[in-house]
Structure formats: C-alpha cells, structure tokens
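Student: Letter by letter, the chains look like this.
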Amino acid sequence: MIVLAIDTSGSGCSAAVYDSETAVVLGRSGADLGKGHAERLMEFVDEALVLAGRALPDIDRIAVTVGPGSFTGIRVGVATARGLALALGKPAVGVSTLAALAEGLRASAPGKPVLVAIDAKRDEVYLQAFDAAGVATGEPEALSVEAACERYSGFDGVIGGSGAHLVAADMQPKPPELIDVAFVAALGAAADPASAKPRPLYLRGPDAKPQAGFAIARA
Amino acid sequence: MSPPLRILGIETSCDETAASVILRDSDGKGHILGDVVLSQLEEHSAYGGVVPEIAARAHVEALDTLIEEALLRAGVTLSDIDAIAATSGPGLIGGLIVGLMTGKAIARATGKPLYAVNHLEGHALTARLTDGLSFPYLMLLVSGGHTQLILVKGVGEYERWGTTIDDALGEAFDKTAKLLGLPYPGGPAVERAALAGNPERFDFPRPLVGDARLDFSFSGLKTAVRQAAQSLEPVTDEDIADICASFQRAISRTLKDRVGRGLKRFKAEHAGVARPALVVAGGVAANQVLRSTLQTLCAQFGFEFIAPPLSLCTDNAAMIAWAGAERLAAGMAADGLDVAPRSRWPLDAQAQALLGSGKRGAKA
Numbered sequence: 001m002i003v004l005a006i007d008t009s010g011s012g013c014s015a016a017v018y019d020s021e022t023a024v025v026l027g028r029s030g031a032d033l034g035k036g037h038a039e040r041l042m043e044f045v046d047e048a049l050v051l052a053g054r055a056l057p058d059i060d061r062i063a064v065t066v067g068p069g070s071f072t073g074i075r076v077g078v079a080t081a082r083g084l085a086l087a088l089g090k091p092a093v094g095v096s097t098l099a100a101l102a103e104g105l106r107a108s109a110p111g112k113p114v115l116v117a118i119d120a121k122r123d124e125v126y127l128q129a130f131d132a133a134g135v136a137t138g139e140p141e142a143l144s145v146e147a148a149c150e151r152y153s154g155f156d157g158v159i160g161g162s163g164a165h166l167v168a169a170d171m172q173p174k175p176p177e178l179i180d181v182a183f184v185a186a187l188g189a190a191a192d193p194a195s196a197k198p199r200p201l202y203l204r205g206p207d208a209k210p211q212a213g214f215a216i217a218r219a
Numbered sequence: 001m002s003p004p005l006r007i008l009g010i011e012t013s014c015d016e017t018a019a020s021v022i023l024r025d026s027d028g029k030g031h032i033l034g035d036v037v038l039s040q041l042e043e044h045s046a047y048g049g050v051v052p053e054i055a056a057r058a059h060v061e062a063l064d065t066l067i068e069e070a071l072l073r074a075g076v077t078l079s080d081i082d083a084i085a086a087t088s089g090p091g092l093i094g095g096l097i098v099g100l101m102t103g104k105a106i107a108r109a110t111g112k113p114l115y116a117v118n119h120l121e122g123h124a125l126t127a128r129l130t131d132g133l134s135f136p137y138l139m140l141l142v143s144g145g146h147t148q149l150i151l152v153k154g155v156g157e158y159e160r161w162g163t164t165i166d167d168a169l170g171e172a173f174d175k176t177a178k179l180l181g182l183p184y185p186g187g188p189a190v191e192r193a194a195l196a197g198n199p200e201r202f203d204f205p206r207p208l209v210g211d212a213r214l215d216f217s218f219s220g221l222k223t224a225v226r227q228a229a230q231s232l233e234p235v236t237d238e239d240i241a242d243i244c245a246s247f248q249r250a251i252s253r254t255l256k257d258r259v260g261r262g263l264k265r266f267k268a269e270h271a272g273v274a275r276p277a278l279v280v281a282g283g284v285a286a287n288q289v290l291r292s293t294l295q296t297l298c299a300q301f302g303f304e305f306i307a308p309p310l311s312l313c314t315d316n317a318a319m320i321a322w323a324g325a326e327r328l329a330a331g332m333a334a335d336g337l338d339v340a341p342r343s344r345w346p347l348d349a350q351a352q353a354l355l356g357s358g359k360r361g362a363k364a
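Residue numbers (the numbering used here), protein chains in the order written: chain A, 1 to 219; chain B, 1 to 364.
Okay, chain A solo, but in the shape it has when bound (with noise of 0.2 Å):
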C-alpha cells in the first residue's frame, strides 16, 4: 500500500510517500517552520510525490497527525488530509504526534516500554505510555506536572518528549523534537481505515467560558 503522510502538528511541516510492503519511504520533503504551515504544505506534498515518482492517484492511503500539537497546526492537516481524501475517494486515517514520538523512542532503545510527554504549558503535560511492543497501554491524556510525576515516579522504561524533563526531574529539558512523518506513514499504514475520519485531538477544551453577570438586573 502506498500512503501520503502529512505532519503539520508542530513546528515542522512535512510530508512523505511511503510503501507499506517494503517499509520503505519513496519520497519525503518539509521544513521546521515554525509557521505558515498552510501556505506550504502542498509544495511539500508535491516534492515528496516527485520524489517518489508517484502521482496522487496511486496513493492508497492518506495519513496525518491529529495531535495533541498546536491547534490551528492541527486543522492545517486533518483539513488537507480529509480534502485529499474526499477528492481521491481514498480513505485518511488520524495518527497521534504521541504515538508517532513513541516510534522514535522505542526505534533508540528496543525493548523498553515508553513514556512520551509532551510540554503543553501551564503545568501541564500531555502523556501515553506504550509497551515494549509499541502498543499503547493507556489513553492520551492532559494530566498536571504534578499528577503526572506522582503517576509514573517508577516507570521503567524509557521517558521522552518535550515534557520529558518535567515527569522525570533527572533529565534536562530539551527542545521538542520534529515529528518523524515517516513513522506517521506506517503507523498510518497498520491504522484501521474502518474506523471514523481523522479528527483532531486536542486533549484541552476551547478555552471560553459562559459569559454571566454582564447583564443589566431584571425588575
């Protein structure tokens, strides 16, 4: 199977073509950008495809990151991912920036389960732990700097991720890595397309609250 895989999660922005049979990427191409991931993507899409030597309709298979990451970054993706697929009549399926860390981390130290955390600020970290086997042994979730620590003091395994430092107080803090598109690509690949479209997730809600005693009092 050929997939298209998007990341735009992020400060990078990238795209790659990938052949799930051999578990090779035919063609990849992107930047850190920091922003502007809209208007760059489809020259990224475009040179991963000549790369490749493929055209899109030989993709069978459309990948993006749905999150957690940057909100707008997010929609940048899945908006694309869920457009290219309505137009090729392929499905898309949604990969987790959670997950495809995970890869990164257990292709460093095989055999060792993971903890990704990512830094989302305000004392917060968005975490999953996964076994030695790459699968998940939780649900992505936001948790404080504080419950998360008390929650996995003990992990045995490997801890990674921008909030890596925050769980475990041993380790530096270091600027967060890109996400690696090509393992976006076979996580996407071994994805069921059955399940629903690609949907962000956010793991945080839209920040607004009801606005109350603004009114004038009633008689």
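Think of the hints as simulated: they come from the structure by calculation, not from any bench.
No residue lacks a Cβ here, since even glycine has one placed at the ideal position from N, Cα and C.
There is no bait here: all hints are sound.
Between beta-carbon pairs, the in silico distance windows are:
| no. | chain 1 | residue 1 | chain 2 | residue 2 | range |
| --- | --- | --- | --- | --- | --- |
| 1 | B | 332 | A | 34 | 30 to 36 Å |
| 2 | A | 32 | B | 253 | 54 to 60 Å |
| 3 | A | 210 | B | 72 | 34 to 40 Å |
| 4 | B | 75 | A | 165 | 54 to 60 Å |
| 5 | A | 135 | B | 75 | 45 to 51 Å |
| 6 | A | 194 | B | 45 | 31 to 37 Å |
Simulated crosslink set (BS3-like; lysine-lysine; CA at most 25 Å straight-line):
| no. | chain 1 | residue 1 | chain 2 | residue 2 |
| --- | --- | --- | --- | --- |
| 7 | B | 256 | B | 153 |
| 8 | B | 222 | A | 209 |
| 9 | B | 178 | A | 209 |
For chain A, the structure is supplied; the task is to place chain B on it using the hints.
Tutor: Relative to the frame of chain A, chain B by itself:
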C-alpha cells in the same frame, strides 16, 4: 457567450460551515444546484458571541461531509466541477484555514483551479446571482462583522465609500441584547423586544449624522444604551422594549442619513445609470425596521431596493462559488496553492484603514 461553469464553493470564515455548487450558464445567469449550511449558533449561544476556537473546531469536523452533501444535492461529482472557490478572508483565521486547506486539497487532487475568494466579494456579487444586476450598483453590507457601503463597479473593482470606525452594526445589536439579558444572536431578540416598545422614549445619539463622509459609528450608541439601562436598573420588560425600540429608531435614522448621502453621491457620479440599485446584504438585513427604512429611502431617491433571500444575505457558500464563477468567466487568474488565509482583507485595496491597521493590515 461563455461555456457553462460549475463551481464548488466553500465558506468557513465565521460561524457557518457551508458548501455549495452553482452553475453559471452560457448566458451568464446563475443557478444554485446544491447549497448546504450548518449553523453553529447553538455552540456559541452560551458565550453571547462567536468563540473563534469553538468555531474552528466545528468547521473541521463538518466540512468534508457538507461538501459531499452539496455535490449530492447538485447531482454532480467533482469531475463535473470547473473550479473550486474557497473563502480565504477576511474572517476568523482558524475557520478560514479549514476551508482554504480543504479547497486546496480538492483542487490539487482534481487538478481544477482554486479561487481564494474574498468573503466581502461574495456578498458584493450576490445580487448578480439572484437578480442578474448590472454594474455599477451600491451595496450596503450590515452584519456582525461588517458595516460597509460599497460601490460595486465590476468583478474585482470595488470602492469602499463608508465603513464603521468602531463596532459593526450586528455587533451593536448583539451587545445591546447581551446587556439587556436577551438571547444570542441579538438581532432577532432586540427586534422582537422592540415590537412592544416606545421608540420615542429614549433619544439615543446618532453618531456621524450630518457628517459629509459616509462612515458609520455605533460604539457611542452602545454606551448610551448601557447608561440608559443602568439609570433604570432594575429594568422592567417595558423598559427593555422601549430601549430596544429607541435603539432601532436611532439606527434607522443613522442609516437614513448615511445611506441617503451614499445614494445621492451615486446619482451624482453615475448619472447615466438607468436603473440605479441599492443591494443590502448581511444578517442585519433581516431586520424589518431597517428594511423599511431602506425601502423608503430607495423610493425617495429612485433606487431599486434589492434584498436577496435571507439565506443568501447571511453567510453562505453559494455566493463564494458565484464569486469564483465571475472571476473565472472574466478570465481572471486562479490562485496558487500557496495562497495564505487572511484574517484581514479589505475589498477595496485603495481604501485607507479607519481602524485596526496593524501588522495584519487594515481591517475590512
């Protein structure tokens, strides 16, 4: 004569998710083949206004399904479509991104051209879709986000004659409703409450009335409403009805003066136009008091008053598709797939910014 054009339109600039397929036939006449709008009114009502993040979340969940539905209702597939038109500004950036990226993806996958449409242009050209109106004409756009008087000279040729220097008119209705404890959206609520009220009880200010320029201002009126309400606190139902009725009278008198000057100017500058017309657009166009004010004014100055059906006055995707069709038919170039969404995008690029000219540019 030009070949018939079928256009897919996408609109996500505020709190309506919309998709539409329109046909521009070889005579240049427009036909709406399929039109779907999903309003997010309920999602926002508890907040007394549109919450940008809530709106963006709702757009991305719904848009692809709405596009499929619009195609289905039109009885066409994407291969029958000649171009994709998506609103790329002005509006709430989170929503614009969803619509524009979906449009780019469909354009890329189908190989059809993409038109990144200015939302205001959609409103400006609607009367040509519904009434086949010829250029030039005047358009009054009164909505929750905009209050503008625009001379529509041609496709892509607009002169902004007046705009609000503070609040939009729809915003003034929403804020008045919120203050008085009336439900959101404020327009229908204030209009309903005003039915039983005495419009003469309060003499609210009519900012800029008598001023030669054609701009609008509503923030002083909002303050006057608040002060009147506070002076009566706690307010009775009768007080509320009277405030709403007096508020509408003030707005009606303001529009009479502002728009009246605009009609006069149009007549002076376009004396050769046999059938001068004023087109009204935007959600506030539903208000009956304002409508009758404008109708009277048009009759007085010999203008035809054109109010497209309300579903085409409020935000919709048919007008975006139509604007794309007009651009395509006029031979205007499509946009690249690197086009950026723009939260601010004045229709009249020559117009000077009257408020909010920051690094994102002038507000519309």
